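Knowing the structure of chain A, use the given hints to seat chain B on it.
2 protein chains.
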Amino acid sequence: MKFNLTAEDKATKARAGEIFTDHGKIETPIFMPVGTLGAVKAVHFHELKNFINAQIILGNTYHLYLRPGTDVIEKAGGLHKFNSWEGPILTDSGGFQVHSLADIRKIREDGVEFRSHIDGSKHIFTPENVMDTQRKIGADIIMAFDECTPYPCEFSYAKNSLQLTHRWLERCVKRFRETECAYGYSQTLFPIVQGSVYCDLRKESAEFIASQGMEGNAIGGLSVGEPDAEMYEMTELVCDILPKDKPRYLMGVGTPANILEGIALGVDMFDCVMPTRNGRNGMLFTKSGIINIKNEKWKDDFSAIDAESDCELMRTHTKAFLRHLMHEGEILAGQIASINNLSLYLWLVKEARKKITDGTFASWKKEIMEKLMRRL
Amino acid sequence: MKFNLTAEDKATKARAGEIFTDHGKIETPIFMPVGTLGAVKAVHFHELKNFINAQIILGNTYHLYLRPGTDVIEKAGGLHKFNSWEGPILTDSGGFQVHSLADIRKIREDGVEFRSHIDGSKHIFTPENVMDTQRKIGADIIMAFDECTPYPCEFSYAKNSLQLTHRWLERCVKRFRETECAYGYSQTLFPIVQGSVYCDLRKESAEFIASQGMEGNAIGGLSVGEPDAEMYEMTELVCDILPKDKPRYLMGVGTPANILEGIALGVDMFDCVMPTRNGRNGMLFTKSGIINIKNEKWKDDFSAIDAESDCELMRTHTKAFLRHLMHEGEILAGQIASINNLSLYLWLVKEARKKITDGTFASWKKEIMEKLMRRL
Numbered sequence: 002m003k004f005n006l007t008a009e010d011k012a013t014k015a016r017a018g019e020i021f022t023d024h025g026k027i028e029t030p031i032f033m034p035v036g037t038l039g040a041v042k043a044v045h046f047h048e049l050k051n052f053i054n055a056q057i058i059l060g061n062t063y064h065l066y067l068r069p070g071t072d073v074i075e076k077a078g079g080l081h082k083f084n085s086w087e088g089p090i091l092t093d094s095g096g097f098q099v100h101s102l103a104d105i106r107k108i109r110e111d112g113v114e115f116r117s118h119i120d121g122s123k124h125i126f127t128p129e130n131v132m133d134t135q136r137k138i139g140a141d142i143i144m145a146f147d148e149c150t151p152y153p154c155e156f157s158y159a160k161n162s163l164q165l166t167h168r169w170l171e172r173c174v175k176r177f178r179e180t181e182c183a184y185g186y187s188q189t190l191f192p193i194v195q196g197s198v199y200c201d202l203r204k205e206s207a208e209f210i211a212s213q214g215m216e217g218n219a220i221g222g223l224s225v226g227e228p229d230a231e232m233y234e235m236t237e238l239v240c241d242i243l244p245k246d247k248p249r250y251l252m253g254v255g256t257p258a259n260i261l262e263g264i265a266l267g268v269d270m271f272d273c274v275m276p277t278r279n280g281r282n283g284m285l286f287t288k289s290g291i292i293n294i295k296n297e298k299w300k301d302d303f304s305a306i307d308a309e310s311d312c313e314l315m316r317t318h319t320k321a322f323l324r325h326l327m328h329e330g331e332i333l334a335g336q337i338a339s340i341n342n343l344s345l346y347l348w349l350v351k352e353a354r355k356k357i358t359d360g361t362f363a364s365w366k367k368e369i370m371e372k373l374m375r376r377l
Numbered sequence: 002m003k004f005n006l007t008a009e010d011k012a013t014k015a016r017a018g019e020i021f022t023d024h025g026k027i028e029t030p031i032f033m034p035v036g037t038l039g040a041v042k043a044v045h046f047h048e049l050k051n052f053i054n055a056q057i058i059l060g061n062t063y064h065l066y067l068r069p070g071t072d073v074i075e076k077a078g079g080l081h082k083f084n085s086w087e088g089p090i091l092t093d094s095g096g097f098q099v100h101s102l103a104d105i106r107k108i109r110e111d112g113v114e115f116r117s118h119i120d121g122s123k124h125i126f127t128p129e130n131v132m133d134t135q136r137k138i139g140a141d142i143i144m145a146f147d148e149c150t151p152y153p154c155e156f157s158y159a160k161n162s163l164q165l166t167h168r169w170l171e172r173c174v175k176r177f178r179e180t181e182c183a184y185g186y187s188q189t190l191f192p193i194v195q196g197s198v199y200c201d202l203r204k205e206s207a208e209f210i211a212s213q214g215m216e217g218n219a220i221g222g223l224s225v226g227e228p229d230a231e232m233y234e235m236t237e238l239v240c241d242i243l244p245k246d247k248p249r250y251l252m253g254v255g256t257p258a259n260i261l262e263g264i265a266l267g268v269d270m271f272d273c274v275m276p277t278r279n280g281r282n283g284m285l286f287t288k289s290g291i292i293n294i295k296n297e298k299w300k301d302d303f304s305a306i307d308a309e310s311d312c313e314l315m316r317t318h319t320k321a322f323l324r325h326l327m328h329e330g331e332i333l334a335g336q337i338a339s340i341n342n343l344s345l346y347l348w349l350v351k352e353a354r355k356k357i358t359d360g361t362f363a364s365w366k367k368e369i370m371e372k373l374m375r376r377l
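Protein chains in written order, with my numbering: chain A, 2 to 377; chain B, 2 to 377.
Take the hints with a grain of salt, since some may be wrong.
Pairs count within a copy or across copies, as identical chains cannot be separated in the list.
Below, in silico cross-link-like pairs of lysine-lysine (DSS-like), each with a Cα-Cα straight-line distance of 25 Å or less [claimed, not checked]:
| hint | residue 1 | residue 2 |
| --- | --- | --- |
| 1 | Lys247 | Lys26 |
| 2 | Lys82 | Lys288 |
| 3 | Lys82 | Lys298 |
| 4 | Lys295 | Lys14 |
| 5 | Lys295 | Lys42 |
| 6 | Lys42 | Lys372 |
| 7 | Lys26 | Lys82 |
| 8 | Lys137 | Lys300 |
| 9 | Lys3 | Lys298 |
| 10 | Lys298 | Lys137 |
| 11 | Lys298 | Lys76 |
| 12 | Lys123 | Lys300 |
| 13 | Lys355 | Lys50 |
| 14 | Lys3 | Lys123 |
| 15 | Lys295 | Lys82 |
Derived by calculation from the structure, the hints in this document are not laboratory data.
For clarity, every value in this text was computed on a predicted model and none was experimentally measured.
So that you can see chain A by itself, here it is in the shape it has in the complex (with noise of 0.2 Å):
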């Protein structure tokens, strides 16, 4: 993997950047739609490529790990070849997902022991079967399994959880680095900096991550609950920290506000399901602000979704149409909205690159920001 900064905004700390990856150049800052199991929920793979232009995709080792199962991608010779995409893919390390959805999960030294959401099976992760299963997987880039603290969490509790996600970081290091790409194509790990809203662990931990000279960065453990303020802070000091000449992303963020805001702060990637999950249930996001296209004023509203949309589907279909296939829990209207909110989203990322390649970014993110985030 290569980055290259191209532009940086004098008035903020944005930054316009391209990394390299064997399966193509992906144009920074850029939002990552989550393919949870291998694909992006209700959008086809030509639409994500057509209609939305997404570049890199997002897959979830937890959930690809127990269905299909590894072996099952491996025989396929890897997720690319599973699900035809063609372009980079990341994969999150499963760490969150253990956390959050595993039914019964015991933190111990050597890694985490869970249940399976699915049918109660047990199994363990481990720094360095984590990194096996990436691998196998075959991701453009692969994440450290991390601890991810909860919100709100106890100083002590974090200061420990941290500790023992740099042990884990080491471990995973040392695995990723005595294993091979699994396909042929370059693979590469970027470690997490964790510490949760306390700025003595996040410079910590951002220090350590730092010292490890990955080839890229990420931040964890935010947008988790905490009000956006302390997002924000823990996003600044951690950038400030992390080199400068390494992509660094903020993981599971956020709305286009909190996107903002983050590119702003220094921050290259971001992934969220937000778009998608909300799309399903009727939030749109687009250039004049957010609908609830479920509400009753649309009923005869037969203006375009999004008139100013990328999207040639949200320029054509009218908002009287898609609230009617909402209401009726038609398949098509989530595969509108999804559609509708990941081409907004893919808008943004591009324009902010524009703006700051431009230097016009500052005046232009607080125009775009209010006029986005206006609830119509």
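Chain B only, in chain A's frame:
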């Protein structure tokens, strides 16, 4: 509407033709994907056009009348404007749905009183108001309001029902002729032959329907549980009576085999929820045979869903991947399966048309039917 017969098979009663509507040409024989609520379930309109090659779609008056309501569709400027489908649309009259879906119904001389399956509200469908509703929906092809008899059905019930359907038809035709096209393009009315599985009644009905001199004719009350042999017997009997120079529509049919047999008996138009409904449940129609994609045997079968498919998605995605999505209840599974099945159905009728024109329909039909209906 205009219909040209372009070729007739010598060995069977199959015909190739073309129907001209103000929303475009339909090449027959044709299969019409069902868009119950104005949209084909789990399928985008751009996919209907580009991946499936649909030439006409169906809407259901019963459903659209209840939701979003005729008033909303009228305000939109008709269903084409509401759902953005630019090709021809045929609407079912609701005759079938008031019997199969509505909670409580009373069949009276003037029409059918029923309660909505959604909220229990009371409504009445009469031949007159069903014509008016379909005018307002803006269907290119409007269906007569009929009683669709169940199977099995006593002769005396079928006879009385048939006479009611015929009296209703006279009222439908009268109302249709007294009213104007709703949105500046022409609309046409197809009457429906009933008579259950009784030759005498079918003959009487087909003669009565033929005598109305409408631009196309339909065969209803089949594919409701009777053995295939009875369906074919009734279809042949009716086709032999209906005028040759007008399209014949066999309603609610069926499997690929049913469609091939129907074509051989002189049917020009078909519709059925099978490709989409069964697709969502994991039943795939392919050029090599029928697949239950949930089956364990596909778990690590990395061959294409249908290597010979006209649709590139089916040549790209593997059986193992679709099985995985289907097992996980991913929305994308239903999307892919629906496109697969519909593109197979549309390929089938297009290919049948070619073979009729080439004069090789009979031998091709035998060969392809064996392949298509084989269980893999």
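Evaluation of the provided hints:
Taking identical chains as interchangeable, the C-alpha atoms of lysine 247 and lysine 26 lie at most 25 Å apart only when both belong to the same chain, with a minimum of 15 Å there against 57 Å between chains. Taking the closest pair of Cα atoms, lysine 82 and lysine 288 come within 25 Å of each other only across two copies (23 Å); inside a single copy the shortest separation is 35 Å, beyond that limit. In the homo-oligomer, the alpha carbons of lysine 82 and lysine 298 lie at most 25 Å apart only across protomers (19 Å), although the nearest pairing inside one protomer, at 45 Å, exceeds that limit. Taking the closest pair of Cα atoms, lysine 295 and lysine 14 never come within 25 Å of each other, the shortest separation being 38 Å inside a single copy and 50 Å across copies.
Taking the shortest Cα distances, lysine 295 and lysine 42 sit within 25 Å of each other both inside one copy (20 Å) and across copies (19 Å). Taking CA atoms no more than 25 Å apart as the test, lysine 42 paired with lysine 372 passes in neither setting, with 27 Å inside one copy and 33 Å between copies. Taking identical chains as interchangeable, the C-alpha atoms of lysine 26 and lysine 82 lie at most 25 Å apart only when both belong to the same chain, with a minimum of 19 Å there against 40 Å between chains. When the C-alpha separation of lysine 137 and lysine 300 is checked against a cutoff of 25 Å, the pair qualifies only between copies, where the shortest distance is 17 Å, while the shortest distance within a copy is 49 Å.
Taking the shortest alpha-carbon separations for lysine 3 and lysine 298, neither the intra-copy value of 49 Å nor the inter-copy value of 41 Å comes in at or below 25 Å. Taking the shortest Cα distances, lysine 298 and lysine 137 sit within 25 Å of each other only across copies (22 Å), while inside one copy they are farther apart (50 Å). For a Cα distance limit of 25 Å, the shortest separation of lysine 298 from lysine 76 across copies, 14 Å, qualifies, whereas the shortest one inside one copy, 51 Å, does not. Within a single copy, lysine 123 and lysine 300 get their C-alpha atoms only as close as 49 Å, which misses the 25 Å cut-off; across copies the closest is 22 Å, which meets it.
Taking the shortest Cα distances, lysine 355 and lysine 50 sit within 25 Å of each other inside one copy (20 Å), while across copies they are farther apart (34 Å). Taking the shortest Cα distances, lysine 3 and lysine 123 never come within 25 Å of each other, neither inside one copy (39 Å) nor across copies (67 Å). In this homomeric assembly, lysine 295 and lysine 82 come within 25 Å of each other (Cα to Cα) only across copies, at 20 Å, whereas the closest approach inside a single copy is 38 Å.
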